[in-house]
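**Student:** So the chains spell out like this:
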Amino acid sequence: MEIRSMHFKANAATALANPVLQGNLRTSKGKFVDKRRAAIADFQAEGGDFEALREAGRDLRNRVLENLDLWLEKFESTATARGAAVLWAKDGAEICRHVIDIGKRHGVTKAVKSKSMLSEEAGLNQALEAAGIQPVETDLGEYILQINDNEPPSHIIAPVVHKGLDEVADLFARVHRKPRKTGIPELTREAREVLRSHFLTAEMGISGGNFLVAETGSVALVTNEGNGRMVTTLPRVHVVITGIEKVIPTLEDLALLLRLLPRSATGQHISNYVSLLTGVKQPDEHDGPEHLYFILVDNGRAGLVGSEFQDMLRCIRCGACMNHCPVYQTIGGHAYGWVYPGPMGSVLTPLYTGIENAIDLPHAATLCNQCGVVCPVKIPLPELLRKLREKQVEQRLRPLGERLALKAWAWVASKPKLYALGTRIGVRYLDWLAGGGKAIRVLGVVPAWTEGRDFPAPEGKTFRELYARRQKP
Amino acid sequence: MSSRDDILGRVRAGIGRAPGNAAAGRTAIEATLAARRQGPRPAVADDLLASFKAKSEALATTVDIVDDQARVPAAVARYLAERSLPTEVVGWPALESQPWRDAGIAFAGRGAVDADLVGITGCHCAIAETATLMLLSGPDTPASVSLLPETHIAIVDASRIVPAMEDAWRLLRAEPGGLPRAVNFISGPSRTGDIEQTIVLGAHGPYRVHLVLVKSGEIDRLK
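Sequences listed follow chains A and B, in order.
So in numbering that gives the first Met the number 0, spot 389 of the first sequence is number 388, and the numbers just go up one at a time.
So in numbering that gives the first Met the number 0, spot 182 of the second sequence is number 181, and the numbers just go up one at a time.
Bound-form chain A, shown alone (with noise of 0.2 Å):
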């Protein structure tokens, strides 16, 4: 998918600006955080406890980290040995390569797809159809994305959550070229008829994978929907595409994630469908397709194996981080310019795309720590936020002019003399702008910082002069 994260600013503004998304926006606007909650009450009021869960996750998933290279080879073995064949893909282009390859083998013209954020990170979608190869959408969201000319999902659970029942409406009308229905209700059942069809007659299947199990050489599917599963049990061929970090131990700890996953997602205890698929058809079996194939992908994961940022590859892509995400809440998804948004799109982005083409994206975030509070492994997203702030740094990525105040104000902070004078000035001046009251409305030397809040007014003098006066007799 093609990177806009360094037009994040003009993204958001733009966001802001569109009132039917801010509409749409305050209409899902906690949903999934109350969701949450109540199915963590309904779990610890079952004698269960979340907290002892989440560390049993995050310690599952370093556990794997520490031995990756060893997990994948053990489900390379595994999955193969069950008749799947494996096949790993460094970048988008090579994972694009490879689907394109699997369908000319067999003769394949039409691919179901049940949802794939690595898909949209190759931009799959595309290649097939220039090779030929009709690639459908099956997630409710995700194929209301495609029918309208291929919109970037802005959510990874919910891809259409920035999208108004009307707006689905017209475009169902239009594409569909059927009377326009009005009811959520009728317009999934007509999606429903419209995706049947195509579910009877494609080839080929294509998926992601919640998570890979080591053990047994099997993917774990889970969606609500059941897509996942005609995209898996239809067609004679299925592509599964999933990153290196999904790798799991055993079956044991499927049952694990599986008891964190719905619940931080949608605020489900389990997800309608849960699959866990093996290997290909047996010769008497009425159902399953002929050939599987697993594609590994890379595509800037391996880097972060050993690095500061190991943390981020556990993951399980829940989304709750930018549920409860005050900046993704007021802009939406797409103005992060990318595939993930969110906190964990703010971490991922620069860390797979490079750091220089999401400059704005670890500063958007006030670091309030909601995404690390409810992440169900635990992953310290705002450190990593900041640490991708110093990396900037460091790596002399910010602007001229910060850097430059920068320096100037260590200069002046390593001077008692100087900084004292420096704050005495300043305490005036901000007190002068105040006009004697508790806020300043326009702040002088930056007055787009105050234009959607005020800036609060210094107390007096400052703390300097305060306990000066203080040690006086």
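Any given hint could turn out to be false.
To be verified - The calculated label-pair distances, taken between Cβ atoms and stated as ranges, are: (1) A:Q281 <-> B:I64: 46 to 52 Å; (2) A:G22 <-> B:R100: 54 to 60 Å; (3) A:K177 <-> B:G177: 42 to 48 Å; (4) A:W410 <-> B:E29: 55 to 61 Å; (5) B:D5 <-> A:R463: 40 to 46 Å; (6) A:E307 <-> B:D5: 56 to 62 Å; (7) A:A80 <-> B:G15: 49 to 55 Å; (8) A:A80 <-> B:D113: 48 to 54 Å.
What the hints assert, rightly or not - Coverage of chain A stretches by chain B, computed from C-beta distances (three or more under 8 Å per stretch; other residues unrestricted): (9) 67-81; (10) 132-139; (11) 150-160; (12) 273-280; (13) 287-298.
The hints are simulated quantities; they were obtained by calculation from the structure and are not laboratory data.
If you're wondering where the values come from, they're calculated on a predicted model, not measured in any experiment.
Heads up, the beta-carbon is just placed ideally off N, CA and C, and yes, glycines get one too.
With chain A held as given, fit chain B onto it using these hints.
**Tutor:** What follows is chain B alone, placed relative to chain A:
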């Protein structure tokens, strides 16, 4: 260099893998596989059947309880009549020998096709913690039967209700057959919340899931 070697090479470099510590790593992963470490879980309900039923209903699944296996076809016929659903059904070949015809049901034991409106399956076991059915695919238990029809009816032996998913894996390992191509965990009807986060049932899979729970007097066996 192949992409495989390149990716694994960079992972090894990040980990600090050296000939000296590869054996220790292998020992560690074999120990992890053997340990099958379990995470924390909620307490087990006193009455698995009651808990399973209540949680199923919370997922919009309907539940009927019958005393023994012989009453299953009549219970299914009753449900179909109440909902004005067709009596031509597709079902697992494994269930074909039940006296369906006596209850007025035309039962076709095979994999499902698009035109099938009602699908009848059994299940390998059921999980009380989340009201989840565990279905194993196979020649006599095709996965499509629980997926393509608009109505899915599952017959659940109450003695096969286990507390948690870990117990389901334990049963799967203990019993003959091994891990099938597809293990499908099903918790209620298919649903989506993609449009305005409003939940709608029947996205791609069944609109309705109905359970016929068969009591067999040994409900406490697996506690």
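**Student:** Looking back at the numbered hints, which does the structure fail to meet, lowest number first?
**Tutor:** Hint check: 1, 5, 6, 7 and 8 fail, others pass.
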